[in-house]
Amino acid sequence: MSDNDPITFRPAGKAVSQPGVHVTANGRLPVVSFSRYELNQIFSIYGRRVAEGEWRDYAIDMLGDRAVFSVFRHACDQPLYRIEKNPRLARRQGAYCVIAASGGILKRGHSLNRVLGVFDRARLHIVGV
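For the sequence shown, the numbering used here assigns the number 1 to the initial residue and increments by one for each residue that follows.
Some hints could be false.
[Claimed, not checked] What follows is a list of derived Cβ distance ranges for each label pair:
1. A59 / D120: 18 to 24 angstroms
2. G64 / I105: 27 to 33 angstroms
3. P30 / R92: 15 to 21 angstroms
4. D57 / P30: 23 to 29 angstroms
5. H74 / Y37: 28 to 34 angstroms
6. G103 / D57: 15 to 21 angstroms
7. I60 / R92: 21 to 27 angstroms
8. G53 / Q93: 31 to 37 angstroms
9. N113 / I60: 17 to 23 angstroms
10. R92 / V50: 29 to 35 angstroms
11. A59 / S111: 32 to 38 angstroms
It is worth saying that the hints were derived from the structure and are not from the lab.
Every residue, glycine too, gets a C-beta built ideally from N, C-alpha and C.
Given these sequences and hints, build the entire structure.
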């Protein structure tokens, strides 16, 4: 397997029309998923934020039209951020976006690496004199 292969199981012999869109076990419904490379990028940022104590839990949803990686501060809360992959928007606005808890889109683009850059911005801290 290469780094771009998705982590999904699909029946042998089924053709896939789009990268990142796969057929479920029953062979009927298409499912959008993150590739191994995309998950490595997301977990790199997630691991840093967990080490800082900001994030504590995550969930991955693979739906028919998009894949969603949700980040939680506590397991019982609503997600702080959602990282979405929507192949339908790939040619227009970009397939990837980061959505805040309020529902506002923080960043959208064609490259997951650039979209995840929203989490790498330096924070302002008050420095004592």
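Verification of the supplied hints:
Distance hint check for A59 and D120: the Cβ-Cβ separation is about 22 angstroms, which falls inside the suggested range of 18 to 24 angstroms. Restraint check, G64 to I105: a C-beta distance of roughly 21 angstroms breaks the suggested window 27 to 33 angstroms. Against the hinted window of 15 to 21 angstroms, the Cβ-Cβ separation of P30 and R92 comes to about 20 angstroms, which satisfies the hint. A beta carbon spacing of about 28 angstroms between D57 and P30 agrees with the range 23 to 29 angstroms that was offered as a hint.
Against the hinted window of 28 to 34 angstroms, the Cβ-Cβ separation of H74 and Y37 comes to about 29 angstroms, which satisfies the hint. A hinted range of 15 to 21 angstroms for the beta carbons of G103 and D57 is consistent with their spacing of about 20 angstroms. Between I60 and R92 the CB atoms are about 24 angstroms apart, so this pair conforms to the stated range of 21 to 27 angstroms. Taken as a hint, the range 31 to 37 angstroms holds for the pair G53 and Q93, whose Cβ atoms sit roughly 33 angstroms apart.
The supplied range of 17 to 23 angstroms is met by N113 and I60, whose beta-carbon atoms lie about 19 angstroms from each other. Checked against the hint of 29 to 35 angstroms, the C-beta distance between R92 and V50 comes to roughly 33 angstroms, which is consistent with it. Between A59 and S111, the C-beta spacing of about 23 angstroms breaks the proposed range 32 to 38 angstroms.
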